[in-house]
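Same order as they appear, the protein sequences are chains A and B.
Our numbering numbers the first residue of the first sequence as 4 and each following residue consecutively.
Our numbering numbers the first residue of the second sequence as 4 and each following residue consecutively.
If you're looking for bench data, these hints aren't it; they were derived computationally from the structure.
The structure presented is a predicted model; accordingly, all values stated were derived computationally and were not measured.
Watch out, some of these pointers could steer you wrong.
All copies of an identical chain are treated as equivalent in the list; a pair is satisfied when it fits inside any one copy or across any two copies.
Straight-line distance between alpha carbons at most 20 Å, and here's what the computed SDA-like set of lysine to any residue pairs gives [said to hold, decoys possible]: (1) LYS261 <-> GLN146; (2) LYS302 <-> GLU160; (3) LYS302 <-> ILE422; (4) LYS302 <-> ARG157; (5) LYS302 <-> MET125; (6) LYS285 <-> LEU246; (7) LYS285 <-> VAL100.
Here are the chains, one letter per residue:
There are 2 protein chains.
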Amino acid sequence: MTSAQIASAAPPRPGLMPLDEALSQLLACAQPLNGVETVATFDADGRVLAQDIVSALQVPPQDNSSMDGYAVRCADVRSPGAPLRVTQRIAAGQAGVALQTGEAARIFTGAPIPPGADAVVMQEDTVLVPQADASAVPEVQVQTVPQPGQWIRRSGEDVTRGACVLQSGERLHPASLGLAASIGLAHLQVQRKPRVALFSTGDELVMPGDVPPEAMPEGAIYNSNRFFLRALLHRLGCEVSDLGIVPDRRETTIAALKSAADHHDLILTSGGVSVGEEDHIKPSVQSLGGLNLWQIGMKPGKPFAYGWVQRDPVATDGSAPGRAHFIGLPGNPVSSFVTFLLLVRPFVLQLQGARQTQVQRQTLPAHFDLPKADRRREFLRVRRNAQGGLDLFPNQSSGVLTSAVWGDGLLDNPAGTTIHYGDQVSYLAFADLLS
Amino acid sequence: MTSAQIASAAPPRPGLMPLDEALSQLLACAQPLNGVETVATFDADGRVLAQDIVSALQVPPQDNSSMDGYAVRCADVRSPGAPLRVTQRIAAGQAGVALQTGEAARIFTGAPIPPGADAVVMQEDTVLVPQADASAVPEVQVQTVPQPGQWIRRSGEDVTRGACVLQSGERLHPASLGLAASIGLAHLQVQRKPRVALFSTGDELVMPGDVPPEAMPEGAIYNSNRFFLRALLHRLGCEVSDLGIVPDRRETTIAALKSAADHHDLILTSGGVSVGEEDHIKPSVQSLGGLNLWQIGMKPGKPFAYGWVQRDPVATDGSAPGRAHFIGLPGNPVSSFVTFLLLVRPFVLQLQGARQTQVQRQTLPAHFDLPKADRRREFLRVRRNAQGGLDLFPNQSSGVLTSAVWGDGLLDNPAGTTIHYGDQVSYLAFADLLS
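This is chain A alone, in the form it adopts within the complex (with noise of 0.2 Å):
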C-alpha cells in the first residue's frame, strides 16, 4: 500500500459533539411525515394519534351502580335496621322508575340509579326479610347507614361530553384504545407507518443461515444487527423492508440506495461510519444527497452519520418528493444497539409526529465501583437488582452483545466520571426505550 492511500483513509480528528446536540440537530430533520390513515380501533395499539379525540357523550352515561345491591333514598334509613320495600328491579342495560319514600330497588352493577334514589347500598349489607307468603312484595332490612352518594358513579366522572379525552400526537396503547372505544369510536385517525429499508455493509458478514458455524470462512461474522434492529422498528410502528447484506462495491451500494430512497421515508445501515473504515456507503450517500459525519461524546457508538439521498422525482410515486433520510449507524452491535435507541427511536417517532419522543429517566443508586472513569459519556449496561440497586454487567465491550440480552437498561454515566457503590445515577429502562 501507498502513502497516498492512507492519507486519504485518515482525515484529521475532528472534536466529539455532544449526544444533545447531536439528537438535536436529527430531530430538527425529522419532519412529521405526510399521510395520515384511518384504522380500526381494534388495530391502533403503538399508532400515533393524527387528531384530537373530542366525546360526544358522557361516559358514563347516567348516574350508575358501582356495586351490586339496592338503590334506597338515604332519608329512610336513619339507623340501621330499616325495612324497605323492594318494588323494582334494575339490570345493567334498563331503566329504573321513580323510587317512593320507603321503597328499595333491588340494583345490580353497571344499572342506573332510579330518580329519587341517593345511595346504593352493597348487598352484603343487607338482609331479606323473612316472609311467609313468596309472592309478597319483599323486604329488605339496610344494616349500615348509607351516606348520600355511596357507590354510585356519577355520569361523566370518566369522560364529560366535549372534553378532548386524547390529543393528536399520543402514542396509543390498550388503555387508550378502550378510552377510544367507551365514547364510540370504531376507527381512528392515525400517522402513517415510517416506512423503513434496513440493510448492512461489510463484506466480513454472513447471514445466518447461509454458511454453517462450522464452515464460516476466516474472519467472517454472522450479520446480527439487521435482526434487533428490524424487531425495534418494528415495536416503533415502522413498515420495514429488508435489503440484506449490500456488498462493499461502489455501484451496487448505489444502486441499493437509490432504489431504497424511491420507496422508503428512512434509508437506515449498519456499519460504514467509521473514521476510516473501508466502505463504499459514505461516498455513495454523499455522491446521491448529502451526508453529515457525527463523532458523538457517547461510549458505546461514537461514529454515526445523518444524511439523505434525493428520490428519483421520475419513479416516485408522487406521495412522497424529495429526499429519503439515511442513518448510518456504528456496526459494533452495542454501538448500533445503543444509538438506534438514543437517537433512531426519537427521530423514527418524530417522523410520525409524537409529542413525546424522549423516555424518563430514573435515579438509582449504583451497586457496584466504576474506577476508572472515560472521557465520553458512557452508557452502561446495567440491570435492577431486588434490592432497587444497579448490577453491572463485567464486560462494557461494544462488540458484547451479551451486555444487551443480560441487561435491563442503561446507566447515562457522564463524561469523566466515576462510579463509587450507593452513588445515585441514572437509569434508563429497556422496557420504555423497547416501547
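Add chain B to chain A, keeping to what the hints say.
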C-alpha cells in the same frame, strides 16, 4: 319480583382471598401448553424460547480490532513518536500475515489482529511520516505508548464456544434475536402462541360503530374492555379470536363457550362475575366444566373467576384434548385492566413456559397524600413526575379508564394503609406490565 328471586341472586358474603393466593392458585393451573414451533429468528421477538441455545462458535471468532488504526507490537513503541513501517493492510473479513519487528499493519474495525501484534493504536493517535516518494513503503509515527491488548477485542469475549447464551423459557426481545443471529441461528424453537377466545357479556353493551353516540339507548354503554384486552393479549404473544358480545341468554352463552373451548386454550370474558350479577356466564361455565368464583382482596378488581370448559372429545383436533381454561374478569374497565395485568398476564406467560412471569417493582416516593385507607389492597393509578416521585390520578373509581391512560403505572398499596407525601411506596410500571 319475589323474595325467592332475590334470595337466589344473593349468596352469603364470602371472605376475601388475598391477591397472592389467587395468583398462586391460578398459576398452579397454568401448565405450559404442548406444542413447540420453529420460527425465523427475524420473527421471534416476544416469543418464549423452547430450547437452550448453545453456541457452536466463538464470538468474535478471532482477536480483532475495535478501532480504525494500526496494529503494532508494543515492544516497538517504548516511547511516543516511534516510526513503524506499514507493511500490510487488513480490512474486516480479511486475514493478515505475521507482523515483524518495526512493522505496523493498517487495520480497520472488526479486522483480525495479525500474528505478532499485541495492541492497536487509534489512527487519531498516529501521524504519517511525509515521504518524497509516494510509492515507498509508508511509515507511521505512534504518538502514544500503547498498552498490551489495547483496542483488541478478544476471541470469544462475547460468546465462548459451548456456552448457553439463551435459556429455554426466556422471552425473546430484540437484543436476544441479535445474539442468536450472531451465533448463526436463522431459526429458533419457541413455544406456540396461546389461542385465546375473547368475549364480553352484557345486554347493555354496544359495539362502537354499531350505534352512533347520539342514538345510544338509555342505559347502553359502549364496549371498551375488549379493545384493551385484545391489545394486551397480542402484546403477550397470543392469537386472539374475538367472539364479540354474547347476549345475556343461557343457550347463546353455552353455545359460545362450547365452540370456543374446542379451538382455544383460554376463554377470557369480562363482565358477569360479580356477586349478584345478572348473567348467564357463571351457570353456563359451571354446567360445562367447573368454576371458582373468587372475591379477591384488591381494589379495583374484587370479583374474578377461574374455571374450565370441557372440550368436545369428537370436535377436538387431537392436539388439545381435555379442557380449555376459563377466566372471567370484572366488567368495570379499570378492574378488568388491572386484574388482567396482575393475574392474566402471568397466567398467559406461564402457558407459554416463560420462567419470568412477574415484573420487578420499584420503590418511589409518593408525591401526594392518601388520608383514607381502604380495607382492600389497592392498586392506584399513578404517574412518575419530573422529580422522580409519583403523582396520583384524582379519580380512582374503577369505572374511570382515563386513569389508566393518564397513569404510567400502579402503586401497590397494602390494605388499611394511608399514604403521606414523601412515603416510599411500591410501584409497578405499565412499561413492564404491558410488555
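To see whether the hints hold, each was checked on the structure:
no. : hint              : result
1   : LYS261 <-> GLN146 : neither (79 Å within a copy, 42 Å between copies)
2   : LYS302 <-> GLU160 : between (49 Å within a copy, 18 Å between copies)
3   : LYS302 <-> ILE422 : within (16 Å within a copy, 41 Å between copies)
4   : LYS302 <-> ARG157 : between (54 Å within a copy, 19 Å between copies)
5   : LYS302 <-> MET125 : between (60 Å within a copy, 15 Å between copies)
6   : LYS285 <-> LEU246 : within (18 Å within a copy, 53 Å between copies)
7   : LYS285 <-> VAL100 : neither (77 Å within a copy, 29 Å between copies)
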